[in-house]
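**Student:** All chains should be built: construct the whole structure from the sequences, respecting the hints.
Each residue of the sequence shown is one higher than the one before, starting from 36 at the first, in the working numbering.
Simulated from the structure, these hints should not be mistaken for laboratory data.
Take these hints with a grain of salt, some might be off.
[Claimed, not checked] Here are the simulated lysine-lysine pairs, DSS-like style, with alpha carbons at most 30 Å apart:
no.	residue 1	residue 2
1	Lys64	Lys81
2	Lys301	Lys322
3	Lys81	Lys301
4	Lys148	Lys81
5	Lys64	Lys277
6	Lys304	Lys102
7	Lys60	Lys81
8	Lys121	Lys64
9	Lys301	Lys102
10	Lys179	Lys64
11	Lys269	Lys121
12	Lys64	Lys322
13	Lys81	Lys121
14	Lys148	Lys60
15	Lys102	Lys148
16	Lys321	Lys277
17	Lys304	Lys148
18	Lys121	Lys102
19	Lys60	Lys322
20	Lys322	Lys304
21	Lys301	Lys277
22	Lys269	Lys179
23	Lys277	Lys179
24	Lys321	Lys269
25	Lys301	Lys121
26	Lys179	Lys301
27	Lys102	Lys81
28	Lys148	Lys277
29	Lys322	Lys269
30	Lys301	Lys269
31	Lys304	Lys321
On a predicted model such as this, the values are computed, not experimentally measured, just so you know.
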Amino acid sequence: MLRKIVPKTFNNVGLFGRVRRSETKETFKQVAGLLSNMGLSYCLDKALLEQVDFTPMAAASQADMAKSVDLAIVVGGDGSLLRATKAVVDHDVPLIGINRGRFGFLADIAPDKVAEILPAMLEGHYQEESRFLLELELPGDQSKQHALNDIVLMSGDTAHMTEFEVYVDGVFMCSEHSDGMIVATPTGSTAYALSGGGPIIHPASNAVVLVPMFSHTLNSRPVVLSADSEVRFKVGSGIDAKPCVSCDGERVASLSAGETIIIRRKSQKVRLLHPQGYEYFNNLGKKLNWGRRLIDTP
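**Tutor:** Now the structure itself:
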């Protein structure tokens, strides 16, 4: 949800991301120089030390940075921003994304606009948006996994369908014989869930969507639920291969017959900072061709 806030400037910035190409190195170097010229302190993810060609002011692990910085700048694609979110969300650190990936739906500053846009944002000229995450409870695991986009139950390493039951707030919803199911937030509704035939859900909506994957039936369709719902998946007893669970595309566990996982909304939200003038539907049009003519007419 976009909201009006009292502009805040920042003093200590954490640099997160992923270096795949020389162009990404240049963007990291540009951002570091810009921060120095503005008199701001910054810290680089120490996993990137050998991948960049400049000496940062400081370097630390993502976990340590999350405890000390008041802003995270992520250079990379949406995957880099999703990983950074996991590091900072419990510390209420806002994020700015600079797109050096292929898509950049969440990382919405183009590399050639950094010098124009980033200084203004660092001086407090930005729009802030909060988005909720999902929390995953695994059997026998006291820790919780979380995801900004989606949590996916899928059929593991073999090309076999899996069987499971779905319960919503303790009430039986359906049995599935399929490749799995995607549970997506509004943020994730434009990611994997969209490829699976799910609807686009506005990020301000208090909703999640369950998207079946290749169901062996003609009557299994995506279902939109309240984000306050608790969703349980119980793995069937007649499976041949262990299904697995992923959070934002990262595999976190394998499951055995009869085991149950629980998915609910996480209490903490992530804070995304956008340039002034950011508009969700405009972003849909640019990134997904939403509402645009497929064929230009004279």
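**Student:** Taking the hints in turn, state whether each one holds.
**Tutor:** Going down the list of hints, with the structure as the test:
{"no.": "1", "hint": "Lys64 x Lys81", "in the structure": "holds (15 Å)"}
{"no.": "2", "hint": "Lys301 x Lys322", "in the structure": "holds (27 Å)"}
{"no.": "3", "hint": "Lys81 x Lys301", "in the structure": "holds (28 Å)"}
{"no.": "4", "hint": "Lys148 x Lys81", "in the structure": "holds (26 Å)"}
{"no.": "5", "hint": "Lys64 x Lys277", "in the structure": "violated (45 Å)"}
{"no.": "6", "hint": "Lys304 x Lys102", "in the structure": "holds (16 Å)"}
{"no.": "7", "hint": "Lys60 x Lys81", "in the structure": "holds (14 Å)"}
{"no.": "8", "hint": "Lys121 x Lys64", "in the structure": "holds (24 Å)"}
{"no.": "9", "hint": "Lys301 x Lys102", "in the structure": "holds (19 Å)"}
{"no.": "10", "hint": "Lys179 x Lys64", "in the structure": "violated (35 Å)"}
{"no.": "11", "hint": "Lys269 x Lys121", "in the structure": "holds (26 Å)"}
{"no.": "12", "hint": "Lys64 x Lys322", "in the structure": "holds (27 Å)"}
{"no.": "13", "hint": "Lys81 x Lys121", "in the structure": "holds (17 Å)"}
{"no.": "14", "hint": "Lys148 x Lys60", "in the structure": "holds (16 Å)"}
{"no.": "15", "hint": "Lys102 x Lys148", "in the structure": "holds (29 Å)"}
{"no.": "16", "hint": "Lys321 x Lys277", "in the structure": "violated (40 Å)"}
{"no.": "17", "hint": "Lys304 x Lys148", "in the structure": "holds (27 Å)"}
{"no.": "18", "hint": "Lys121 x Lys102", "in the structure": "holds (13 Å)"}
{"no.": "19", "hint": "Lys60 x Lys322", "in the structure": "holds (24 Å)"}
{"no.": "20", "hint": "Lys322 x Lys304", "in the structure": "holds (24 Å)"}
{"no.": "21", "hint": "Lys301 x Lys277", "in the structure": "holds (27 Å)"}
{"no.": "22", "hint": "Lys269 x Lys179", "in the structure": "holds (18 Å)"}
{"no.": "23", "hint": "Lys277 x Lys179", "in the structure": "holds (21 Å)"}
{"no.": "24", "hint": "Lys321 x Lys269", "in the structure": "violated (39 Å)"}
{"no.": "25", "hint": "Lys301 x Lys121", "in the structure": "holds (12 Å)"}
{"no.": "26", "hint": "Lys179 x Lys301", "in the structure": "holds (10 Å)"}
{"no.": "27", "hint": "Lys102 x Lys81", "in the structure": "holds (15 Å)"}
{"no.": "28", "hint": "Lys148 x Lys277", "in the structure": "violated (46 Å)"}
{"no.": "29", "hint": "Lys322 x Lys269", "in the structure": "violated (36 Å)"}
{"no.": "30", "hint": "Lys301 x Lys269", "in the structure": "holds (21 Å)"}
{"no.": "31", "hint": "Lys304 x Lys321", "in the structure": "holds (26 Å)"}
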